[in-house]
Amino acid sequence: MYPATCSDCGAATEVPFQPSGERPVYCKEHYNKRRDSRPRRDFRR
Numbered sequence: 005m006y007p008a009t010c011s012d013c014g015a016a017t018e019v020p021f022q023p024s025g026e027r028p029v030y031c032k033e034h035y036n037k038r039r040d041s042r043p044r045r046d047f048r049r
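Under my numbering, the sequence shown is numbered contiguously, ending at residue 49.
No wet-lab data here; the hints were simulated from the structure. Glycine is no exception: its CB is placed at the ideal position from the N, C-alpha and C atoms. Heads up, a few of these hints could be off.
[Said to hold, decoys possible] Pairwise CB distance ranges (calculated):
(1) Phe47 <-> Gly14: 33 to 43 Å
(2) Arg48 <-> Ser11: 30 to 40 Å
(3) Asn36 <-> Tyr6: 13 to 23 Å
(4) Met5 <-> Lys37: 16 to 26 Å
Can you build the whole structure from these sequences, using the hints too?
Put into structure tokens, the structure is as follows:
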């Protein structure tokens with residue numbers, strides 16, 4: 005695990021990848037909120 009800082013709240017967190025600094029990193033709480041608020045794609049045809 006690698007240490008990181010949440011881009012939303014600034015809380016210290018750990019992630020299973022080494023952050024590059026190019027993309028935002030989120031704590032578990034904010035990651036789940038963002039994931040749940042994304043529109044879902046319907047791939048059925």
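**Report entry** Beta-carbon spacing of Met5 to Lys37 - inside the hinted bounds 16 to 26 Å or not
**Finding:** The hinted range 16 to 26 Å holds for Met5 and Lys37, with Cβ atoms some 21 Å apart.
Query raised in the report: Holds or violated: 33 to 43 Å for the Cβ distance of Phe47 and Gly14?
Result: 36 Å, holds
Requested in this report: May I ask you to test the hint 30 to 40 Å on the CB atoms belonging to Arg48 and Ser11?
Outcome: 33 Å, holds
Report task. Can you let me know if the beta-carbon spacing of Asn36 and Tyr6 is within 13 to 23 Å? Result -> 19 Å, holds
The structure is consistent with each of the numbered hints, conforming to all of them.
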